[in-house]
Structure formats: C-alpha cells, structure tokens
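There are 2 protein chains.
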Amino acid sequence: MTTSATPPQPKARDGRPTREAILRASARLMHLHGYHATSLDDVLRESGVGKGNFYHYFKSKEDLGHAILDRLVTALLEGTVDPCFSGGGLSDIRCFLDRLVESLRQRNCVGGCALGNLASELSDVHEGFRRRLAEVFCAWRERLTRSLAEAQTRGEVREDCRPETVAHFLVASLEGAILMSKVAKDIGVMEQCVGELKRYLTVYERPHPERLS
Amino acid sequence: MTTSATPPQPKARDGRPTREAILRASARLMHLHGYHATSLDDVLRESGVGKGNFYHYFKSKEDLGHAILDRLVTALLEGTVDPCFSGGGLSDIRCFLDRLVESLRQRNCVGGCALGNLASELSDVHEGFRRRLAEVFCAWRERLTRSLAEAQTRGEVREDCRPETVAHFLVASLEGAILMSKVAKDIGVMEQCVGELKRYLTVYERPHPERLS
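Line by line, the protein sequences are chains A and B. Here this note's numbering = 1-based position in the first sequence + 7. Here this note's numbering = 1-based position in the second sequence + 7.
Each hint should be verified, as a subset may be incorrect.
Repeated chains share a single entry, so a pair holds when one copy, or any two copies, can fit it.
Stated by the list, open to error - With a straight-line Cα cutoff of 30 Å, these simulated BS3-like cross-link-like pairs (lysine-lysine) come out:
(1) 192 with 66
(2) 205 with 192
(3) 68 with 58
Hints are computed from structural coordinates only; laboratory data are not their basis.
Modelling step: build the complete structure from the supplied sequences, incorporating the hints.
Right, dumping it as structure tokens:
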C-alpha cells in the first residue's frame with residue numbers, strides 16, 4: 008500500500024486517523040515487547056497501515072520511538088500527574104501515588120511503566136533515546152519538585168527538605184515499585200511500597216501547629 | 008566446531024573453562040543488550056566457543072538464561088549483600104547501600120542492575136523467567152528482612168516496622184535508583200536516592216536511650 012492523492016488525514020483499517028493508529032499500535036507492542044523486539048512489520052500488521060503510509064508520517068522507527076516517548080510523557084503528566092496537582096503540596100503527591108496504584112491494579116501489573124521499560128532497554132545502547140528519556144524523567148520530577156517547594160513555602164514541609172532530591176527519590180522509588188510489582192504480578196508489592204513512600208514523606212512533614220500561617 | 012573426545016573441562020579460546028567462558032560472555036552481552044537482543048551467535052563469537060561445545064553445557068538459550076540468573080543472584084548475595092551483613096541490623100543495611108553506590112560509580116552508571124534489566128524485559132513475555140526472577144528478588148529481600156527482624160528483636164528498630172514490607176521497599180527503591188542513574192548517567196542520582204533511603208530508615212530507628220539492653 009502506498010500513499011497517493013490521499014486526503015490530509017487518511018484512515019487506517021480500524022478507521023482511526025493513520026498517525027494515531029500507528030502510534031497506538033506501536034506503543035502497545037513496545038510496552039510489552041520492548042523497542043528492539045517490535046519490528047516495523049509488527050507495527051504495520053497491528054495498525055493495519057501500509058509501509059508507504061507509515062513513511063508519510065515517520066522518517067524511521069527511531070522517529071516513531073521519539074513520537075511514542077512524547078505521547079507517553081504527555082499521558083503521564085496530563086493524565087496522571089496534573090489532575091492530582093492543585094497547589095496542595097504533600098496531599099497532591101499522596102493523591103498521585105494512589106492514582107499510580109489504581110492504574111497498575113487495573114492493568115493487573117502487566118506492562119509495568121512504559122517509560123521505565125524503555126529506559127531499561129535503551130539507556131546504554133542508544134544515546135539519542137537516553138537523552139530524551141532523561142528529559143522525560145526530568146519533566147516528571149519538575150512537577151513534584153515544584154509542588155514540594157510550594158508546600159515548603161507555605162510551611163507544610165520542613166526547611167531541611169530538598170525538593171529536587173525528594174523528587175528524584177520519589178520517581179526512582181516509584182519506577183522500582185512498578186517494576187517489582189510487574190515481576191511479582193502482585194499489586195500488594197506496589198501498595199506496600201507506596202505505603203512506605205508515604206511514611207517517608209512524614210520525615211519532612213511539619214506537624215500542623217508548627218506550620219506558618 | 009564440535010565436541011570430540013574432549014577432556015571433562017575443555018578450554019575456550021581465552022583459556023577459561025568452557026562453561027565459565029560462555030557464562031561470562033553471555034552475561035556481559037545480556038547486561039548491556041538484553042536477553043532477546045543477544046543471539047547464540049553473539050555468545051559463541053564473544054566466548055570463542057563452538058556451537059557443539061555450547062550444547063554440551065546448555066540445552067538452549069533459555070537454559071543459559073537460567074544459569075545466568077543463578078550466577079547473578081549468587082554474585083549479588085555472596086559478593087555484595089553478605090559481606091555487609093554481620094548481625095548489625097541497620098548499620099549492615101547502610102553498609103550495603105554504600106556498597107551499591109560504589110559498585111555503580113565504578114561502572115560509571117553503565118549497565119544498571121542486570122537483574123532489574125532482565126526483570127523489565129522478560130516479566131511480561133516469559134513466564135518461566137518471571138517466576139525465577141521473582142524468586143531471585145525474594146531471596147534478596149529475605150536477607151534484608153532477616154537483618155531488620157534481628158535489629159527489631161534487639162530493640163534497635165521500632166515495633167511498628169514490618170521487616171518484610173521495608174525490605175520490599177528497599178529493594179524496589181534501589182532498583183529504581185539504579186535505573187534512574189543509568190538513564191541520567193549520573194552517580195549523583197544514586198547518591199541522592201541512597202541518602203533519602205537512609206533518611207527513610209530513621210523513621211523506624213529507635214533512639215539509643217530507648218533501646219532494649
């Protein structure tokens with residue numbers, strides 16, 4: 008199948024706009040099987056898009072990989088982080104932790120974190136993806152850092168808390184907890200880890216009477 | 008190359024006993040590239056062992072994968088965990104955390120955790136490896152659980168600490184921290200995460216005057 012005098016947004020076999028169909032199919036495949044184990048043929052078969060049409064939207068599999076990363080970080084920030092964040096400091100962060108547990112429970116711990124999987128697979132063998140993944144995790148951490156810094160300004164969080172360091176630890180611990188839940192196929196692992204992360208946050212929480220007004 | 012009237016322990020090109028040469032070469036390749044991306048031909052080329060000789064020691068690539076997992080968990084427990092553990096409770100755990108930081112620093116954050124990488128790659132696509140990996144992480148957690156339980160018996164750790172839950176969290180957080188250091192290629196990430204894990208442990212630490220004698 009090749010592109011000819013196609014309309015600006017041709018449809019794939021299932022009727023979705025082509026670019027979206029390619030992204031959805033390839034993200035689904037790579038989430039389970041990884042970047043290298045997902046071939047272009049797999050993507051074409053899964054999306055019902057022809058090779059010519061694929062190259063109309065993506066220069067290469069690498070280009071597709073970067074588009075998937077953009078999509079993943081947008082989904083994480085806009086779909087999971089932002090809905091919890093309303094200037095509430097530690098309660099926002101606790102809400103976000105609970106949301107991650109529910110998301111993993113709904114998926115029966117299958118798939119793990121798509122970003123974490125790609126980070127594990129690609130960070131030592133593809134410098135371009137490593138740099139992009141580092142930026143993606145940085146964007147995630149920045150949301151948490153900002154929220155912690157605001158809570159610190161309001162006096163909810165102690166002075167000896169370094170928001171950026173805590174954000175580093177939260178993101179890393181969550182990535183590890185998601186991975187260990189995926190190995191154990193047991194949501195109880197995630198629940199226990201999130202419970203301990205909440206205990207950890209109490210280290211920096213200023214008791215109510217001490218808070219600045 | 009095929010096996011003929013070989014001595015019980017034939018040598019590979021570099022003089023190492025053959026089974027050991029295969030294990031070393033394949034563990035090194037899989038650590039960086041993953042299980043699926045490492046072909047049997049890659050292993051034979053890297054180890055200098057012939058195909059016939061390979062099948063003298065391993066029934067299949069999967070059989071090799073399990074032998075590598077055995078080797079990895081032995082190296083982790085006997086090489087990194089046990090030397091720190093001498094019945095010292097939390098100080099043993101802190102020693103182990105510092106040892107992991109040094110190990111990662113020496114490798115310039117390259118490779119990440121070989122067990123974590125395999126867990127990320129294989130847990131959703133190979134049930135046999137998933138089960139074995141779950142056992143491996145369980146063995147690691149058991150060492151930490153035992154140490155925490157002993158420290159609790161001595162009164163060094165508070166009563167509300169659940170050793171198994173804390174061990175789950177420690178292993179998960181360390182896996183995440185190693186992964187995030189691999190993405191950032193920055194040992195500072197690991198140092199920050201280990202610093203926060205030590206802060207977390209203080210939640211359960213009983214102040215000295217309260218300890219049981």
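To see whether the hints hold, each was checked on the structure:
no., hint, in the structure
1, 192 with 66, "between (37 Å within a copy, 28 Å between copies)"
2, 205 with 192, "both (22 Å within a copy, 28 Å between copies)"
3, 68 with 58, "within (12 Å within a copy, 33 Å between copies)"
The structure meets every hint from the earlier list without exception.
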